[in-house]
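**Student:** Chains as they are written, first to last, in the working numbering: chain A, 1 to 118; chain B, 1 to 133.
By construction, these hints were calculated from the structure, which means they are not laboratory data. Check each hint, because a few of them may be wrong.
Derived Cβ-Cβ restraints for the label pairs, each shown as a range [said to hold, decoys possible]:
no. : chain 1 : residue 1 : chain 2 : residue 2 : range
1   : B       : Trp13     : A       : Asp70     : 25 to 33 Å
2   : B       : Asn117    : A       : His95     : 40 to 48 Å
3   : A       : Lys7      : B       : Arg4      : 44 to 52 Å
Just so you know, these numbers come straight off a predicted model, no measurement behind them. Think of the CB as a built atom: it goes at the ideal place given N, C-alpha and C, for glycine as much as any other residue.
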Amino acid sequence: MRIPILKLHNYLLISIQIDLDDQTAIQFQEDLLSKIHKSGATGVVIDLTSVDIIDSFIAKVLGDVVTMSDLMGAKVVLTGIQPAVAMTLIDLGIHMQSVPTALDLEQGLLKLRQEVEE
Amino acid sequence: MNLRSSVKIQQEWDIVGARQIGRDRAKALGFGTVDQARIATAISELARNIYLYAKNGKIVFETIDDLQHKGIRILAIDCGPGIDDISQVMEDGYSTSGGLGAGLPGVKRLMDQFEINSEPGKGTEIRTVKWVR
Ligand SMILES: Nc1ncnc2c1ncn2[C@@H]1O[C@H](COP(=O)(O)OP(=O)(O)O)[C@@H](O)[C@H]1O
Ligand SMILES: [Mg+2]
Numbered sequence: 001m002r003i004p005i006l007k008l009h010n011y012l013l014i015s016i017q018i019d020l021d022d023q024t025a026i027q028f029q030e031d032l033l034s035k036i037h038k039s040g041a042t043g044v045v046i047d048l049t050s051v052d053i054i055d056s057f058i059a060k061v062l063g064d065v066v067t068m069s070d071l072m073g074a075k076v077v078l079t080g081i082q083p084a085v086a087m088t089l090i091d092l093g094i095h096m097q098s099v100p101t102a103l104d105l106e107q108g109l110l111k112l113r114q115e116v117e118e
Numbered sequence: 001m002n003l004r005s006s007v008k009i010q011q012e013w014d015i016v017g018a019r020q021i022g023r024d025r026a027k028a029l030g031f032g033t034v035d036q037a038r039i040a041t042a043i044s045e046l047a048r049n050i051y052l053y054a055k056n057g058k059i060v061f062e063t064i065d066d067l068q069h070k071g072i073r074i075l076a077i078d079c080g081p082g083i084d085d086i087s088q089v090m091e092d093g094y095s096t097s098g099g100l101g102a103g104l105p106g107v108k109r110l111m112d113q114f115e116i117n118s119e120p121g122k123g124t125e126i127r128t129v130k131w132v133r
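Could you put the whole structure together from the sequences, leaning on the hints where they help?
**Tutor:** Shown next, in the form of C-alpha cells:
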C-alpha cells in the first residue's frame, strides 16, 4: 500500500485515507523524503482528516517526517487532526508542540505560505 | 452476557486487525467516539509490544455487560521474555527499542483499569478495562 503524494506548485500535498500500518507509514516517510529531494518542494501539507487513530509508533513516524523534511528545507504542516485523535495523543503523553498544525487543508496552505515567506 | 474472543498477534498487520476489532466491539457496546479511539489506541500499543518484544501472542476481548456495568476488558498475553522491572517500563519515555516509550504508561491513562503480570523468561499478561460512561 502506498500513499499518493501530489505536487502543487512548490508544495506537496498528502491526504492519508487509510488505517496506517507500520510498513505503510515507513514507506510513506521514504517516499516523501525522496519526493522533496527530487521536486525541491518548500512546503508539505499532510492532511489527517480521515485518520481515526494515531498511536505512539505513527506519532513517532510523523514527528520524524517533520524533522527530516525540515532538514531538507521543506516545512511540514499537519492538518485535520480529529478531536478524538488529539485527545488520545495527550493521553499517550505526546504533545507534538514543535509540529505546525492547522484546521484543514486550506488553512494549512495559508500557514505554509506565511512560514515559507518569513 | 459476557462475550469473549481473541486475535493472534504474529505479524505486523495483525496490529491493525486487532485495533479494528476492538473499535467495532467498543462501538457496539455504546462507547462514544473518543473512547472508541482510546480503546483502539490502547490495543494498538499492546499488540505492537507483543509483536516487537515477544514475537507472538494474543489480544483477548471480553465484553462486560451485566446489570451493574458495561465495559470492555482487553487482555494482552504473550510467552515472550517477560519484564524485569515493571516500574521502569511504566515510566514515560523508557524504551529498549528506540521507540517513544509512551505505550505502557499511555495505555494506563487511556483505560480505566490497568494491571501487569510478568515473569522474566515466561511471559507477560496485561489486563485493562474501560467502562462505558
Ligand atoms: N510484552 C512485552 N514483553 C516484554 N517486554 C515488553 C513488553 N511490552 C513492553 N516491554 C518493554 O517495555 C518497554 C516500554 O514499552 P512501551 O511503553 O510500549 O514503549 P516502547 O514500545 O516505545 O519502547 C519496551 O521498550 C520493552 O522493553
Ligand atoms: Mg510500545
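**Student:** Decide, hint by hint, whether the structure agrees.
**Tutor:** Here's how the hints hold up against the structure:
1. Trp13(B) with Asp70(A): 25 to 33 Å: Once the Cβ atoms are compared, 31 Å apart, the range 25 to 33 Å for aspartate 70(A) and tryptophan 13(B) holds.
2. Asn117(B) with His95(A): 40 to 48 Å: Violated, at about 31 Å.
3. Lys7(A) with Arg4(B): 44 to 52 Å: Between lysine 7(A) and arginine 4(B), where Cβ atoms are some 50 Å apart, the hint holds.
The structure fails to meet hint 2 from the earlier list, while all remaining hints are met.
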